[in-house]
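Peer 1: The residues making up each chain are set out below.
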Amino acid sequence: GAGVSQSPSNKVTEKGKDVELRCDPISGHTALYWYRQSLGQGLEFLIYFQGNSAPDKSGLPSDRFSAERTGGSVSTLTIQRTQQEDSAVYLCASSLMASGNNEQFFGPGTRLTVL
Amino acid sequence: GENVEQHPSTLSVQEGDSAVIKCTYSDSASNYFPWYKQELGKRPQLIIDIRSNVGEKKDQRIAVTLNKTAKHFSLHITETQPEDSAVYFCAASYNGQNFVFGPGTRLSVLP
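Chains as they are written, first to last, in our numbering: chain A, 1 to 115; chain B, 1001 to 1111.
Possibly wrong hints are sitting among the right ones.
[Stated by the list, open to error] Derived SDA-like pairs (lysine to any residue); straight-line CA-CA distance at most 20 angstroms:
no.: 1; chain 1: B; residue 1: Lys1042; chain 2: B; residue 2: Arg1106
no.: 2; chain 1: A; residue 1: Lys57; chain 2: B; residue 2: Asn1095
no.: 3; chain 1: B; residue 1: Lys1058; chain 2: A; residue 2: Glu103
no.: 4; chain 1: B; residue 1: Lys1042; chain 2: A; residue 2: Gln41
no.: 5; chain 1: B; residue 1: Lys1022; chain 2: A; residue 2: Gly42
no.: 6; chain 1: B; residue 1: Lys1058; chain 2: B; residue 2: Glu1079
no.: 7; chain 1: B; residue 1: Lys1042; chain 2: A; residue 2: Lys57
no.: 8; chain 1: B; residue 1: Lys1042; chain 2: A; residue 2: Glu44
no.: 9; chain 1: B; residue 1: Lys1037; chain 2: B; residue 2: Ile1048
no.: 10; chain 1: B; residue 1: Lys1042; chain 2: A; residue 2: Ala88
no.: 11; chain 1: B; residue 1: Lys1037; chain 2: A; residue 2: Gly40
no.: 12; chain 1: B; residue 1: Lys1037; chain 2: A; residue 2: Ser73
Derived from the structure by calculation, the hints contain no laboratory data. Note that the structure is a prediction, hence the values are computed from the model and not measured.
Please construct the entire structure, taking both the sequences and the accompanying hints into account.
Peer 2: So, in structure tokens, the structure goes:
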């Protein structure tokens, strides 16, 4: 079946502009995660959605970052007034979260470059 | 909150030798510990995971051990091959919620 997809694959923007990154999780997966990976670095947790519960936003680095998940499926990560330090690969992952199945499946990522 | 440390940051081994990567975690409530392999320019992929009710798990050349008392877990790769070269990340989670990843280990398998 289809895996996690993300769009766009690459995004170049100017400092100060807003960007929206999209994630389509695997159908039926109730959990969705956003991470940020800077070049040569590890995965930095940003936000976690589980079903209809309030999202865990504890990883969002500033109030310029927000995310929503409509209808329990597609998610959008929005970065307002982008800064050069926002440049990174943004990875989305989803998980079934049923019967203790916690395996995360990652999307291909969106490479964001802020000029 | 949870904190995960990982060592070494880089590791070079000769083809056929074993490789061991170690991680420690701080939150005793964490009960799920996956390992991911990330090849250059690609997405992380799960290679093995372990839950807190198990001390060891093996899948062909890959094994993971967990010491709950000491709060550390390790990845063991035997008979390493060039295609094992990648960055490996450990992570800790409580019931698949907020995952905290280690900083990664760059493994190079030399032919």
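Peer 1: All the hints need checking, so say for each whether the structure fits it.
Peer 2: How the hints compare with the structure:
For the proposed pair Lys1042(B) and Arg1106(B), the alpha carbon gap of about 14 angstroms is at most 20 angstroms, so the pair holds. In summary, the hint linking Lys57(A) to Asn1095(B) is supported, as the alpha carbons are separated by about 17 angstroms, within the 20 angstroms threshold. A C-alpha spacing of about 17 angstroms is found between Lys1058(B) and Glu103(A), which places the hinted pair at or below 20 angstroms, so the restraint holds. With a C-alpha separation of about 14 angstroms, the suggested pairing of Lys1042(B) with Gln41(A) holds against the 20 angstroms cut-off.
At most 20 angstroms may separate the alpha-carbon atoms for a hinted pair to count; Lys1022(B) and Gly42(A) meet this at roughly 15 angstroms. Our distance criterion of 20 angstroms between C-alpha atoms is met by Lys1058(B) and Glu1079(B), whose separation comes to about 14 angstroms. The straight-line distance between the Cα atoms of Lys1042(B) and Lys57(A) is roughly 26 angstroms, outside the 20 angstroms bound, and the hint therefore fails. Under the criterion of a C-alpha separation no larger than 20 angstroms, the hint pairing Lys1042(B) with Glu44(A) is consistent with the structure, at around 16 angstroms.
The suggested pairing of Lys1037(B) with Ile1048(B) holds, with an alpha-carbon distance near 9 angstroms, which does not exceed 20 angstroms. Proximity of Lys1042(B) to Ala88(A) is assessed by CA-CA distance (about 14 angstroms); at most 20 angstroms being required, the pair is judged to hold. Using a Cα cut-off of 20 angstroms, the hinted pair Lys1037(B) and Gly40(A) holds, with the two alpha carbons roughly 14 angstroms apart. For the suggested pair Lys1037(B) and Ser73(A), the alpha carbons sit about 26 angstroms apart, so the restraint of at most 20 angstroms is broken.
When held up to the earlier numbered hints, the structure conflicts with 7, 12 and fits the remainder.
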